[in-house]
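K.L.:
Chains A and D, in that order, give the protein sequences. First residue of the first sequence? That's 4 in our numbering, and the numbers climb one at a time after it. First residue of the second sequence? That's 4 in our numbering, and the numbers climb one at a time after it.
Any given hint could turn out to be false.
Quick list of in silico lysine-lysine cross-link-like pairs, DSS-like style, CA-CA up to 30 Å [said to hold, decoys possible]: (1) A:Lys-14 x D:Lys-87; (2) A:Lys-72 x D:Lys-87; (3) A:Lys-72 x D:Lys-126; (4) D:Lys-110 x A:Lys-14; (5) D:Lys-110 x D:Lys-126; (6) A:Lys-72 x D:Lys-163; (7) D:Lys-93 x A:Lys-14.
Calculated from the structure, these hints are not laboratory results.
Below, each chain spelled out in residue letters.
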Amino acid sequence: MELSHAEDIKKHVRVYISVFATLLALTIITVTISYFNLSVVPAIIVALIIASVKGSLVASYFMHLISEKKMIYAALCLTTVFFLVLIFIPLLAMSDRIH
Amino acid sequence: MEIPYTIKARPDTGLINAKLGIWLFLSSEVMLFGALFSSYILLRVGAVEWPHHVLDVPLATVNTAVLITSSITMVMSWASLMTKDFRKYKMYMGTTILLGFVFLTIKYFEYSHHIEVGEIPSKSTFFAIYFTMTGLHMLHVIGGMIVNSYFWGPGSKMWKTEPERFTNRVEVAGLYWHFVDLVWIFLFPVLYLL
């Protein structure tokens, strides 16, 4: 981005403040839900959905991923694939468990 | 030797080198923390029992708010440079560093309490993974604070000679800081709430 885009930046600042307020609200929601004593699976699903929404907001707006160049998207797509492989490796271990 | 593409985008990537560099670094960081999250899942599904709400949730909620606030002050410091307001930049960047200190102070009290009551890594698998993940995250916070302090202090001299390059530097430092915030956003529910 160039320095001449000062007006655009002022608009961005309003978006940043909205994102900030949303992040705080989602934090309060996720903490409140954790006291509801949900069973393990729904609790994990709800907490991870809220965390993913919060993470997406940070990545999209604070890290400007919503308007980035293709090269960065390409690197992140590759990272996502390997990240998912890493996360699902434990499932392989679960299926391999000796009873 | 002059570092190429610090202001103008490199034609083939469409990016300044520092930005591509930080994103590649952050990709490697995703794998680092990903490995730990993967280990956490493995340990948890294999555990006979897993503690619930044994950590200080209110304190960690405050710390989450502190990090989120530091993220907005970080992005505001960059936005201030984009609008050529150096005074505001100093204020927002200074606040970001200060919030980093607040985060570390709260973490210090948390750790002290755990150690005091014998909740050390050797106590259980839960505390082992808790200290590993939050400890590594804390090191990242400290690293970010060192970089941010440099750009707040001696590094900010560049604003007078090469303002665009300095703005890009702050943006790149911001990307790292937001990533640290992002990791905490997942660590918080995983370790404290579930």
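K.L.:
Each of the hints needs a verdict: does it hold here or not?
P.N.:
Consistency of the hints with the structure:
1. A:Lys-14 x D:Lys-87: holds, 15 Å
2. A:Lys-72 x D:Lys-87: holds, 24 Å
3. A:Lys-72 x D:Lys-126: With Cα atoms ~47 Å apart, Lys-72 (chain A) and Lys-126 (chain D) exceed 30 Å; violated.
4. D:Lys-110 x A:Lys-14: violated, 35 Å
5. D:Lys-110 x D:Lys-126: Between Lys-110 (chain D) and Lys-126 (chain D) the Cα gap is close to 19 Å, so the pair holds against 30 Å.
6. A:Lys-72 x D:Lys-163: Holds, because 29 Å separates the two Cα atoms, which is no more than 30 Å.
7. D:Lys-93 x A:Lys-14: It holds: about 21 Å lies between the C-alpha atoms, which stays within 30 Å.
Comparing the model with each numbered hint stated earlier shows that hints 3, 4 do not hold.
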